[in-house]
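If you're matching them up, the sequences are chains A and B in order. Using the numbering used here, the first residue of the first sequence is number 1, and each one after it goes up by one. Using the numbering used here, the first residue of the second sequence is number 1, and each one after it goes up by one.
Take every hint as true, because none was put in to throw you off.
One copy or two, either will do: identical chains are not told apart, so a pair holds if it fits within one copy or between any two.
No farther apart than 25 Å at their CA atoms in a straight line, the calculated lysine to aspartate or glutamate pairs in the DMTMM-like style are these:
id: 1; residue 1: K154; residue 2: D265
id: 2; residue 1: K190; residue 2: E230
id: 3; residue 1: K154; residue 2: D426
id: 4; residue 1: K370; residue 2: D98
id: 5; residue 1: K270; residue 2: E260
id: 6; residue 1: K315; residue 2: D214
id: 7; residue 1: K190; residue 2: E255
id: 8; residue 1: K126; residue 2: D426
id: 9; residue 1: K126; residue 2: D430
id: 10; residue 1: K270; residue 2: E241
id: 11; residue 1: K154; residue 2: E136
id: 12; residue 1: K164; residue 2: D426
id: 13; residue 1: K270; residue 2: D256
id: 14; residue 1: K270; residue 2: D484
id: 15; residue 1: K159; residue 2: D426
id: 16; residue 1: K190; residue 2: E318
id: 17; residue 1: K164; residue 2: E297
id: 18; residue 1: K164; residue 2: D484
id: 19; residue 1: K315; residue 2: D325
id: 20; residue 1: K370; residue 2: D325
id: 21; residue 1: K154; residue 2: D484
No lab work stands behind these hints, which were simulated from the structure alone.
Number of protein chains: 2
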Amino acid sequence: MPHSLVYHMVRQKKKKKLQLFDSQHFADMLSLLRENKLHFQRGQSWDASPGSALRFSQEHVLALRFTARAENMVSLCLALLSSLPLLWFLRGGHAMPDPARRDLLMREEMSRQTGGLLALTAAEQKLDARLRQLKEQEMSAARFLPAVHFFRAKPLIEKSSIFKLLQKMPKGAALHIHSSSLVDVEWLVKNVTYRPHCYVCFTWDNSVRFLFSDRQPFPRWDCFYWQLLETLRAKTGDCTEFDNGLIQHLTLFTEDPEGEYPNQDVVWEKFEKAFVAAAGLVTHAPVLRDYYYQGLEELHKDNIMYLEVRSGLSKTYELDGTVHDKSWTLSLFQEVTEKFRKDHPDFLGAQIIISVHRALSVSEVRAAVKEAIQLKRDFPDVVAGFDLVGRENVGRSLWDFREALSLPAELGASLPYFFHAGETDDEGTDVDQNILDALLFNTSRIGHGYALPHHPLAKELSRNRNIAVELCPISNQVLMLISDLRNHPAAVLMSEGHPMVVSSDDPSLFGTSGLSYDFYEAFVGIGGLKANLGTLKELAVNSIRYSSLPAHLQNAGLHMWQNKWDTFISDNS
Amino acid sequence: MPHSLVYHMVRQKKKKKLQLFDSQHFADMLSLLRENKLHFQRGQSWDASPGSALRFSQEHVLALRFTARAENMVSLCLALLSSLPLLWFLRGGHAMPDPARRDLLMREEMSRQTGGLLALTAAEQKLDARLRQLKEQEMSAARFLPAVHFFRAKPLIEKSSIFKLLQKMPKGAALHIHSSSLVDVEWLVKNVTYRPHCYVCFTWDNSVRFLFSDRQPFPRWDCFYWQLLETLRAKTGDCTEFDNGLIQHLTLFTEDPEGEYPNQDVVWEKFEKAFVAAAGLVTHAPVLRDYYYQGLEELHKDNIMYLEVRSGLSKTYELDGTVHDKSWTLSLFQEVTEKFRKDHPDFLGAQIIISVHRALSVSEVRAAVKEAIQLKRDFPDVVAGFDLVGRENVGRSLWDFREALSLPAELGASLPYFFHAGETDDEGTDVDQNILDALLFNTSRIGHGYALPHHPLAKELSRNRNIAVELCPISNQVLMLISDLRNHPAAVLMSEGHPMVVSSDDPSLFGTSGLSYDFYEAFVGIGGLKANLGTLKELAVNSIRYSSLPAHLQNAGLHMWQNKWDTFISDNS
Numbered sequence: 001m002p003h004s005l006v007y008h009m010v011r012q013k014k015k016k017k018l019q020l021f022d023s024q025h026f027a028d029m030l031s032l033l034r035e036n037k038l039h040f041q042r043g044q045s046w047d048a049s050p051g052s053a054l055r056f057s058q059e060h061v062l063a064l065r066f067t068a069r070a071e072n073m074v075s076l077c078l079a080l081l082s083s084l085p086l087l088w089f090l091r092g093g094h095a096m097p098d099p100a101r102r103d104l105l106m107r108e109e110m111s112r113q114t115g116g117l118l119a120l121t122a123a124e125q126k127l128d129a130r131l132r133q134l135k136e137q138e139m140s141a142a143r144f145l146p147a148v149h150f151f152r153a154k155p156l157i158e159k160s161s162i163f164k165l166l167q168k169m170p171k172g173a174a175l176h177i178h179s180s181s182l183v184d185v186e187w188l189v190k191n192v193t194y195r196p197h198c199y200v201c202f203t204w205d206n207s208v209r210f211l212f213s214d215r216q217p218f219p220r221w222d223c224f225y226w227q228l229l230e231t232l233r234a235k236t237g238d239c240t241e242f243d244n245g246l247i248q249h250l251t252l253f254t255e256d257p258e259g260e261y262p263n264q265d266v267v268w269e270k271f272e273k274a275f276v277a278a279a280g281l282v283t284h285a286p287v288l289r290d291y292y293y294q295g296l297e298e299l300h301k302d303n304i305m306y307l308e309v310r311s312g313l314s315k316t317y318e319l320d321g322t323v324h325d326k327s328w329t330l331s332l333f334q335e336v337t338e339k340f341r342k343d344h345p346d347f348l349g350a351q352i353i354i355s356v357h358r359a360l361s362v363s364e365v366r367a368a369v370k371e372a373i374q375l376k377r378d379f380p381d382v383v384a385g386f387d388l389v390g391r392e393n394v395g396r397s398l399w400d401f402r403e404a405l406s407l408p409a410e411l412g413a414s415l416p417y418f419f420h421a422g423e424t425d426d427e428g429t430d431v432d433q434n435i436l437d438a439l440l441f442n443t444s445r446i447g448h449g450y451a452l453p454h455h456p457l458a459k460e461l462s463r464n465r466n467i468a469v470e471l472c473p474i475s476n477q478v479l480m481l482i483s484d485l486r487n488h489p490a491a492v493l494m495s496e497g498h499p500m501v502v503s504s505d506d507p508s509l510f511g512t513s514g515l516s517y518d519f520y521e522a523f524v525g526i527g528g529l530k531a532n533l534g535t536l537k538e539l540a541v542n543s544i545r546y547s548s549l550p551a552h553l554q555n556a557g558l559h560m561w562q563n564k565w566d567t568f569i570s571d572n573s
Numbered sequence: 001m002p003h004s005l006v007y008h009m010v011r012q013k014k015k016k017k018l019q020l021f022d023s024q025h026f027a028d029m030l031s032l033l034r035e036n037k038l039h040f041q042r043g044q045s046w047d048a049s050p051g052s053a054l055r056f057s058q059e060h061v062l063a064l065r066f067t068a069r070a071e072n073m074v075s076l077c078l079a080l081l082s083s084l085p086l087l088w089f090l091r092g093g094h095a096m097p098d099p100a101r102r103d104l105l106m107r108e109e110m111s112r113q114t115g116g117l118l119a120l121t122a123a124e125q126k127l128d129a130r131l132r133q134l135k136e137q138e139m140s141a142a143r144f145l146p147a148v149h150f151f152r153a154k155p156l157i158e159k160s161s162i163f164k165l166l167q168k169m170p171k172g173a174a175l176h177i178h179s180s181s182l183v184d185v186e187w188l189v190k191n192v193t194y195r196p197h198c199y200v201c202f203t204w205d206n207s208v209r210f211l212f213s214d215r216q217p218f219p220r221w222d223c224f225y226w227q228l229l230e231t232l233r234a235k236t237g238d239c240t241e242f243d244n245g246l247i248q249h250l251t252l253f254t255e256d257p258e259g260e261y262p263n264q265d266v267v268w269e270k271f272e273k274a275f276v277a278a279a280g281l282v283t284h285a286p287v288l289r290d291y292y293y294q295g296l297e298e299l300h301k302d303n304i305m306y307l308e309v310r311s312g313l314s315k316t317y318e319l320d321g322t323v324h325d326k327s328w329t330l331s332l333f334q335e336v337t338e339k340f341r342k343d344h345p346d347f348l349g350a351q352i353i354i355s356v357h358r359a360l361s362v363s364e365v366r367a368a369v370k371e372a373i374q375l376k377r378d379f380p381d382v383v384a385g386f387d388l389v390g391r392e393n394v395g396r397s398l399w400d401f402r403e404a405l406s407l408p409a410e411l412g413a414s415l416p417y418f419f420h421a422g423e424t425d426d427e428g429t430d431v432d433q434n435i436l437d438a439l440l441f442n443t444s445r446i447g448h449g450y451a452l453p454h455h456p457l458a459k460e461l462s463r464n465r466n467i468a469v470e471l472c473p474i475s476n477q478v479l480m481l482i483s484d485l486r487n488h489p490a491a492v493l494m495s496e497g498h499p500m501v502v503s504s505d506d507p508s509l510f511g512t513s514g515l516s517y518d519f520y521e522a523f524v525g526i527g528g529l530k531a532n533l534g535t536l537k538e539l540a541v542n543s544i545r546y547s548s549l550p551a552h553l554q555n556a557g558l559h560m561w562q563n564k565w566d567t568f569i570s571d572n573s
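Could you put the whole structure together from the sequences, leaning on the hints where they help?
See below:
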């Protein structure tokens with residue numbers, strides 16, 4: 001249907017615009033259009049005559065598909081009009097470019113970006129104009145916030161009118177969050193550490209451990225002296241200061257990020273420490289239940305309707321020391337999700353991506369893959385798939401784990417992969433090959449893909465196979481891959497409309513909540529003035545389309561999202 | 001010839017590798033190869049079956065052409081072998097990827113980067129291996145130098161073995177340098193300001209002006225009190241300190257760049273001030289002669305054989321106040337170049353790109369274009385073309401000057417353009433459209449093109465039309481577009497083999513000399529471990545191929561360069 005429409009429209013256009021083209025170009029174009037019929041039917045990209053820039057690429061087709069499903073009008077006409085003059089343009093010549101044709105070229109380029117082919121309604125256009133105006137104001141301010149470290153920019157972002165709009169916007173799904181940093185640290189400290197039977201221990205390397213126990217815990221290799229938190233807190237005069245001290249152990253936040261974290265090694269060390277510190281709180285079975293519910297609550301409050309959370313499914317423990325296995329944790333997860341969905345009918349649900357640390361040995365990862373296959377069988381609606389986590393630069397590469405990762409194929413089992421890949425600036429190293437290997441192992445999405453634009457072949461493969469990048473801008477800034485987010489490589493991907501979703505990675509560690517902060521950075525910093533309401537809309541739709549939800553739930557979810565979106569638009573335009 | 005070779009080799013291959021492809025893919029491939037024959041003959045890119053990644057693109061064809069001209073072996077075999085398995089790969093499946101095929105994919109990706117299709121000789125491979133080893137060492141050092149501000153990194157770079165090799169390497173041509181910052185500031189102060197009749201004046205805005213005069217100069221609006229430098233220097237106790245004070249006015253160097261330049265506005269203000277300060281020295285006719293000779297000397301010392309310098313051709317003056325016009329300056333330039341060539345037979349020559357400031361009015365620029373057309377007629381071998389300079393973000397855009405820029409076409413005259421475009425991080429603004437407009441006005445090269453990777457359509461146009469980007473990494477870092485050069489957008493261009501040359505923009509202001517510092521940043525920082533000796537070789541060859549030299553001089557130049565290259569290789573492998 002789309003291809004014939006295009007074909008027909010070009011034929012119509014031909015009569016009117018014949019004078020624009022010299023005969024050779026026109027003959028080329030016609031023969032290409034004939035070829036195109038076939039190609040376009042097959043739902044793939046096709047190229048125009050060699051050297052010309054006429055192109056209906058995969059991105060257009062995808063965008064068309066998305067839009068149709070989202071029941072929006074698609075601007076086929078725009079795509080066509082904006083491509084035709086390229087042929088004319090390529091004739092060369094030094095005369096002044098026709099302003100109308102220049103405008104069409106600019107629109108053609110705009111149409112390629114994320115959301116560039118979405119036709120906005122009148123109400124959407126109104127809001128879009130307002131957003132553009134707000135963005136222009138922010139770009140001309142003394143300090144452009146996406147160029148400032150998030151820890152300094154956060155209070156200013158919270159005052160931004162764009163940010164406030166993004167908070168209200170239905171953002172779809174959060175597809176890249178780690179379970180240990182799902183919930184605001186404030187809640188962990190002010191709620192969880194105030195519960196009875198909570199012990200604390202300060203380690204020799206300036207970290208902290210927590211443990212719930214009905215008796216005095218035994219000393220451990222890293223912790224000799226456990227104190228009951230209740231008693232300790234009572235002893236200190238200033239509870240607020242004491243609690244702030246605890247918070248500092250559980251987050252990366254500091255007022256002097258450049259001073260405190262001189263390089264990636266230091267910031268990653270603190271990062272991994274904070275994970276370990278939180279573990280004793282979060283893996284206590286009764287806490288986990290509340291923690292997880294609270295996590296969904298925070299996302300829901302930020303207008304997010306679905307979650308895929310990466311979790312190692314660490315063993316959970318009871319007060320008497322009883323330990324539960326992964327199946328128990330998955331059941332708990334399933335149960336809490338169900339309860340949350342009942343309490344919030346506009347929430348779609350959640351799934352888990354089972355993750356293991358890439359510092360493990362090959363045989364350990366092999367065992368983990370085997371276990372994940374079984375868990376995916378036992379909890380088909382809960383387990384989305386498998387991933388390897390931890391800093392890529394120091395851990396093993398995907399290729400090191402090739403034996404383990406081919407186990408599902410060996411066993412004829414199904415285990416979708418959601419690999420972190422290319423979260424690195426070590427260009428050209430073995431680690432940098434993770435992106436290609438993630439694709440070779442048929443990853444369903446790419447976690448971060450920070451290095452993807454430096455890999456033209458991998459980029460083509462992921463585009464052709466419709467593999468979305470999970471963009472987490474604040475994470476990349478805090479973990480020191482980039483300082484000024486205008487230079488984030490995802491700006492390239494966004495300008496090309498590469499499959500992409502926005503997520504928050506480790507909200508509690510970075511001091512964010514939900515996705516609005518990361519949407520702000522992606523929309524204002526990475527997208528620049530080019531990114532518009534269509535970009536936001538496509539990013540939200542993407543998050544549902546690239547989720548692990550089965551097709552019928554995706555469609556139901558999109559329908560629900562569209563209603564929320566319509567309300568958002570009518571409330572704000 | 002190349003196309004038939006490829007065709008033949010694929011036919012050969014077919015017999016051996018038949019089992020690798022399923023019938024559909026193989027049929028697709030064969031039909032594509034048939035089509036290819038036509039396309040390839042026309043010297044253009046062609047695409048493989050929709051969705052497959054088999055591709056012999058413009059970059060390959062270009063690379064082939066370059067290599068053939070540089071009389072090197074071309075690895076057609078590699079290009080082919082590395083493309084074939086993509087078809088296989090796209091069958092999908094979860095089994096472990098064949099390590100040999102993975103290796104071919106990696107080689108295919110490598111072949112796309114700048115220089116990726118050059119076949120290295122045994123001696124070159126030896127040096128390449130050494131370079132890789134050195135780069136691995138630098139990447140694992142405590143501080144990775146391209147991530148450090150150049151003002152701090154410079155002394156460390158000078159100790160780098162890679163840098164020392166780059167100094168010795170014949171680098172071809174410098175195509176993007178501004179005349180006012182062509183020569184080391186040290187020479188300006190230690191030589192020029194020590195000449196008789198040199199007056200100095202300190203301005204209210206903490207800058208400095210110089211003037212050579214046979215009498216006490218009159219007060220000017222910006223300068224009330226002129227002092228004879230000789231007298232003033234004699235009065236100060238410490239000449240070194242005094243001279244260092246002068247140097248500070250003529251360069252951006254500071255030990256605390258982040259503190260002194262909190263944002264782009266501040267650094268650009270100092271930048272423009274330094275230009276104005278140097279003007280009084282450089283535009284004195286006898287100084288200009290020596291200055292320009294000294295500039296060529298510095299380039300030649302850094303193994304550069306040709307220069308295209310951007311110059312406003314400011315009026316030059318004699319001691320008695322006599323003023324010379326632009327023709328006089330061009331004659332001087334021609335004369336000095338000739339003398340330098342006689343003194344240095346391995347130097348090819350130099351041309352001027354006439355530049356005017358983009359802060360001028362449209363009518364002023366129109367007059368400048370008209371004048372440039374005439375000067376290009378009068379000095380066809382000296383004037384390469386025309387450009388607009390100054391900070392893009394605050395000056396007028398190319399589109400604002402459209403009337404002026406279409407004057408050559410109106411008059412039927414020839415005036416090649418070499419536009420600065422996209423030296424900005426203001427994505428999506430009017431300024432950001434300069435890149436597209438530069439292409440619409442048929443620019444011969446793009447100065448900086450920092451924003452190009454964010455403009456997919458403009459990027460395609462510049463690639464298809466073989467328009468090289470003039471990459472000036474240190475300039476972009478010092479002028480605060482980027483801090484960590486690993487994130488420089490040119491990394492994307494380099495990975496795709498986009499037409500590119502390396503230059504130094506304003507060597508004296510940044511404290512560099514020649515091109516070796518910028519080559520270091522481009523090779524180690526932007527290229528990462530992927531960039532190899534082939535990258536360096538192609539960058540050097542590019543600088544001659546994308547110059548304004550006529551074809552026969554380019555060929556002669558390349559021949560001369562090749563001899564120097566061979567010596568460099570045999571001396572260092």
